[in-house]
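Q: Take a look at the letters that make up each chain.
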Amino acid sequence: MNIQQLKLYAKENLFFSTLLVMLTLTNNLAHAQKAPPFSNNILMDNQTYVFFMADRLEYNLNSGVNPLVWDAQGYIGKDLSKVWFKTEGEALAAKTEGEMEFQGLYSRGITAYFDVQAGIRYDVAYNAEDSQSRGFAVIGLQGQAPYLFDIDGNIAVSDAGDVSASFEAEYDLPITQRLWAQPRFATNIAIQEVRKWGVGSGFNNVQLGFRLRYEIEREFAPYIGISWNRKLGETADFSRTDGGRASVLGLVGGVRVWF
Amino acid sequence: MSMAGGNMGMDGMKHENNHDGHNAMQMSANSMKAEPVKHGPNHHGPGAAAIANWEFDRLDEPGIGLGNDGHKVLGYRDLKSLKPNIDNRTPEREVELHLTGNMERYMWSFDGKKFHEVKTPIPFGYNERLRLILVNDTMMEHPIHLHGMWMEMENGHGQYNPRKHTLLVQPAQRISALITPRDKGRWAFHCHILYHMEMGMFRVVEVADKKGNIYENNDRL
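Residue numbers (the working numbering), protein chains in the order written: chain U, 1 to 259; chain C, 1 to 221.
Next up, chain U with everything else stripped away, as it sits in the complex:
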């Protein structure tokens, strides 16, 4: 019985028409094998990276009190989407006094060279008698400006509603393969005066630094340098009233480590 006869017969017979449908289906499956599902998960191109760097971990020798200073950051995440941690602070070695800040941010790559970062910041200041803390909501931009300047700027609103901004720029200048010069500029701006934290309205301070580091390994580089911190305006007045100085020039020595 050929197919034509079968078709004719099937018109009158439900059993045979069902059989014909089944035959046709089986026939098609055998000859038109479809491709298996496509997988894009066969490379190493979607890894989670972990990074930590203490850019500054140093002792500041000046004519007043000598603090230990740190400035470290790190992240865990994908190419364009990361959780970013930052901490910066100083603590006196000789007596119980210090202040520090911690930031936890979500970082999203928005252009080839810049990430937008948003999250929270927590400040702590302490001395032998007392301690205080405050929280912030932070939003900022971090990345590389043309000519490879490392830029980090952000705007923060404290839990009391005080608005401030900070900006930092660094540049890595190679002198030899292992010896690097690193000029650094940082400034803080506040809209409202916050007396308790010694913060005046307007420009708070300008920091200029210059460090020379020698990369024994790229991940481990001791350095020496100078750091100048000049408090400005009201902030400088508050500092003087509290028995401090508006301008501190110090010799710094430390190590830059990352992994």
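What the hints contain is simulated information worked out from the structure, not anything from laboratory work.
Quick caveat, the model's predicted, so the values are computed rather than measured.
Treat the hints with care, as some may be off.
What follows is a set of in silico ranges between Cβ atoms, one per label pair, in the way DEER data are often shown [claimed, not checked]:
(1) C/His165 to U/Ile76: 35 to 41 Å
(2) U/Ala145 to C/Glu216: 54 to 60 Å
(3) U/Arg108 to C/Ala188: 27 to 33 Å
(4) U/Thr176 to C/Met140: 21 to 27 Å
(5) U/Thr111 to C/Gly65: 28 to 34 Å
(6) C/Leu194 to U/Val257: 28 to 34 Å
List of simulated lysine to any residue pairs, SDA-like, C-alpha gap at most 25 Å [said to hold, decoys possible]:
(7) C/Lys38 to U/Pro146
(8) C/Lys119 to U/Ala35
(9) C/Lys113 to U/Glu219
(10) C/Lys113 to U/Ala35
(11) C/Lys211 to U/Ser39
(12) C/Lys113 to U/Ala145
(13) C/Lys113 to U/Leu232
(14) U/Lys78 to C/Glu117
(15) C/Lys119 to U/Ala145
(16) U/Lys78 to C/Thr166
(17) U/Lys78 to C/Val118
(18) C/Lys119 to U/Leu80
(19) C/Lys113 to U/Val248
(20) C/Lys113 to U/Asn66
(21) C/Lys113 to U/Val83
(22) C/Lys113 to U/Phe38
(23) C/Lys211 to U/Ala35
(24) C/Lys113 to U/Thr48
(25) C/Lys164 to C/Tyr195
(26) C/Lys211 to U/Pro37
(27) U/Lys78 to C/Thr120
(28) U/Lys78 to C/Thr90
(29) U/Lys78 to C/Lys164
(30) U/Lys78 to C/Pro121
(31) C/Lys164 to C/Thr90
(32) C/Lys119 to U/Gln142
(33) C/Lys113 to U/Gly161
(34) C/Lys113 to U/Leu208
(35) C/Lys113 to U/Thr111
(36) C/Lys119 to U/Pro146
(37) C/Lys210 to U/Asn40
(38) C/Lys113 to U/Ser239
(39) C/Lys113 to U/Phe185
(40) C/Lys119 to U/Ser39
We put the beta carbon where it would ideally sit given N, CA and C, even for glycine.
Starting from the known structure of chain U, fit chain C onto it as the hints suggest.
A: Same frame as chain U, but now just chain C:
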């Protein structure tokens, strides 16, 4: 997307780029060199640190760091097939891919998309005639390897265009090849700098017939 036509020819010839810049691949009257093509709007995203504002022929150029020592250095223009290619059809369609990367973020990709970001293979029709165009938007050379079929590199030798499986694409170069996919299946397509491939400069080309079958080779040309 306007490709800024006008008098951009290196030899001063008036040259009108059409909508997609296709006829820029045609040779000008007195030279084998294709006219430069203006890059369209940059949609490659943060994974691409740069684009080539103008995409150049560069087939006569020996490559980065070569050709400055007084010797003649053979280049892609000098390659010629001994025997004519068997498929003389004009291409029915074009597939254009841009080589993109960001050294700072260490991302490598095609069209700004790493392999894990694409959801489908690049579809090639079984026995179709197509033109593959590669544009290098990075500042380094990438050897792009297509498995499973020949690329007849369009370097001005017509039927004697050389057959290659890897095209070394120079920075800001626009290079093209004619392809007849004669073997069905899924084929790797990637930068042969393997650490670029592993970071995402990789695609799968799927050669299927009109029914979507990728297994048997029937009615082979």
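Q: If a hint holds in the structure, say so; if it doesn't, say that too.
A: So, going through the hints one by one against the coordinates:
no., hint, result
1, C/His165 to U/Ile76: 35 to 41 Å, "40 Å, holds"
2, U/Ala145 to C/Glu216: 54 to 60 Å, "57 Å, holds"
3, U/Arg108 to C/Ala188: 27 to 33 Å, "31 Å, holds"
4, U/Thr176 to C/Met140: 21 to 27 Å, "25 Å, holds"
5, U/Thr111 to C/Gly65: 28 to 34 Å, "30 Å, holds"
6, C/Leu194 to U/Val257: 28 to 34 Å, "31 Å, holds"
7, C/Lys38 to U/Pro146, "24 Å, holds"
8, C/Lys119 to U/Ala35, "14 Å, holds"
9, C/Lys113 to U/Glu219, "31 Å, violated"
10, C/Lys113 to U/Ala35, "23 Å, holds"
11, C/Lys211 to U/Ser39, "21 Å, holds"
12, C/Lys113 to U/Ala145, "23 Å, holds"
13, C/Lys113 to U/Leu232, "48 Å, violated"
14, U/Lys78 to C/Glu117, "13 Å, holds"
15, C/Lys119 to U/Ala145, "33 Å, violated"
16, U/Lys78 to C/Thr166, "30 Å, violated"
17, U/Lys78 to C/Val118, "16 Å, holds"
18, C/Lys119 to U/Leu80, "19 Å, holds"
19, C/Lys113 to U/Val248, "50 Å, violated"
20, C/Lys113 to U/Asn66, "51 Å, violated"
21, C/Lys113 to U/Val83, "22 Å, holds"
22, C/Lys113 to U/Phe38, "17 Å, holds"
23, C/Lys211 to U/Ala35, "11 Å, holds"
24, C/Lys113 to U/Thr48, "17 Å, holds"
25, C/Lys164 to C/Tyr195, "22 Å, holds"
26, C/Lys211 to U/Pro37, "16 Å, holds"
27, U/Lys78 to C/Thr120, "22 Å, holds"
28, U/Lys78 to C/Thr90, "44 Å, violated"
29, U/Lys78 to C/Lys164, "36 Å, violated"
30, U/Lys78 to C/Pro121, "23 Å, holds"
31, C/Lys164 to C/Thr90, "19 Å, holds"
32, C/Lys119 to U/Gln142, "31 Å, violated"
33, C/Lys113 to U/Gly161, "41 Å, violated"
34, C/Lys113 to U/Leu208, "40 Å, violated"
35, C/Lys113 to U/Thr111, "14 Å, holds"
36, C/Lys119 to U/Pro146, "34 Å, violated"
37, C/Lys210 to U/Asn40, "23 Å, holds"
38, C/Lys113 to U/Ser239, "53 Å, violated"
39, C/Lys113 to U/Phe185, "36 Å, violated"
40, C/Lys119 to U/Ser39, "8 Å, holds"
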